[in-house]
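Novice: Each chain is listed here by its residues.
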Amino acid sequence: LAKTTQPISMDSYEGQEVNITCSHNNIATNDYITWYQQFPSQGPRFIIQGYKTKVTNEVASLFIPADRKSSTLSLPRVSLSDTAVYYCLVGESGTYKYIFGTGTRLKVLA
Amino acid sequence: GAVVSQHPSRVICKSGTSVKIECRSLDFQATTMFWYRQFPKQSLMLMATSNEGSKATYEQGVEKDKFLINHASLTLSTLTVTSAHPEDSSFYICSARDYPPDTQYFGPGTRLTVL
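If you read the protein sequences in the order shown, they are chains A and B. Okay, so the first sequence: first residue is 1 according to my numbering, each after it adds one. Okay, so the second sequence: first residue is 111 according to my numbering, each after it adds one.
Keep in mind that the hints were calculated from the coordinates and are not lab data. Please note that the accuracy of each hint is not assured.
Unchecked claim - Computed beta-carbon distance windows for the label pairs:
no., chain 1, residue 1, chain 2, residue 2, range
1, B, G126, A, G94, 36 to 46 Å
2, B, P196, A, K52, 40 to 50 Å
3, A, S41, B, L136, 38 to 48 Å
4, B, T167, A, T21, 29 to 39 Å
5, A, P65, B, P196, 44 to 54 Å
6, B, S125, A, D67, 48 to 58 Å
7, B, E173, A, L109, 41 to 51 Å
8, A, S41, B, C123, 17 to 27 Å
What the hints assert, rightly or not - Which chain A residues face chain B? A few, computed with CB under 7 Å, are given here:
no., residue
9, Q42
10, P44
11, A66
12, F100
Glycine included, C-beta positions come from ideal geometry on N, C-alpha and C.
Could you put together the complete structure from these sequences and hints?
Specialist: Here's what the structure looks like:
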């Protein structure tokens, strides 16, 4: 079973901020939370990774509350090219395996 | 970020033949690599974990004799689909674990079509 749960789909408009929340109730003490973006017929692309609190890079921010049972990926001012599937992943302690959930299919509208 | 390559990007073969897919970590060493397959409109499904210098660990339901995995060096893992059948047609994606930090980087994928 996937360790994470996300909304299956979301729609947004260009220029808006998009927040995608992921639930990972059984996250282990050592687990990191990593987000990926996937376009059709391509491998997932690393977006951002965090352990706790807030992480920001040039493309996104990741918010992780103190209990770490959820996380929120924030994409500022999305464009049409951000239309993709976004996956939240938590590695399995000891084996480092990723079990993919459904991901969130984001559609950005003009 | 770290770069992972796959070769070939696309392959078409006849039923009954074998196909080898290479996965390379270009700018880091990876003791652990993973192989996934993905059907259209579906999520990635983990097939096996590949550890350098040891036998791969296969997920339940994945035939180890059909999907041969070799991880002979810290930068190369190969997946060989033996005696391919049309139902093996899929998108195969590898990932390599970079540590520290503990992050997986994915290859661009290989589209396999078995006729």
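Novice: Now look at each hint and say whether the structure bears it out.
Specialist: Structure-based check of all given hints:
1. B/G126 - A/G94: 36 to 46 Å: This hint holds: roughly 39 Å between Cβ atoms.
2. B/P196 - A/K52: 40 to 50 Å: holds, 47 Å
3. A/S41 - B/L136: 38 to 48 Å: For A/S41 and B/L136 the Cβ distance comes to about 21 Å; the hint is violated.
4. B/T167 - A/T21: 29 to 39 Å: holds, 32 Å
5. A/P65 - B/P196: 44 to 54 Å: holds, 47 Å
6. B/S125 - A/D67: 48 to 58 Å: With a Cβ separation near 52 Å, B/S125 and A/D67 satisfy 48 to 58 Å, so the hint holds.
7. B/E173 - A/L109: 41 to 51 Å: holds, 43 Å
8. A/S41 - B/C123: 17 to 27 Å: holds, 18 Å
9. Q42: Holds - the Cβ of A/Q42 comes within 7 Å of chain B, reaching about 6 Å at its closest.
10. P44: Holds, about 5 Å.
11. A66: Because about 21 Å separates A/A66 from the closest Cβ in chain B, which is outside the 7 Å limit, the hint is violated.
12. F100: holds, 4 Å
In summary, the structure is inconsistent with hints 3, 11 from the numbered list given earlier, while agreeing with the others.
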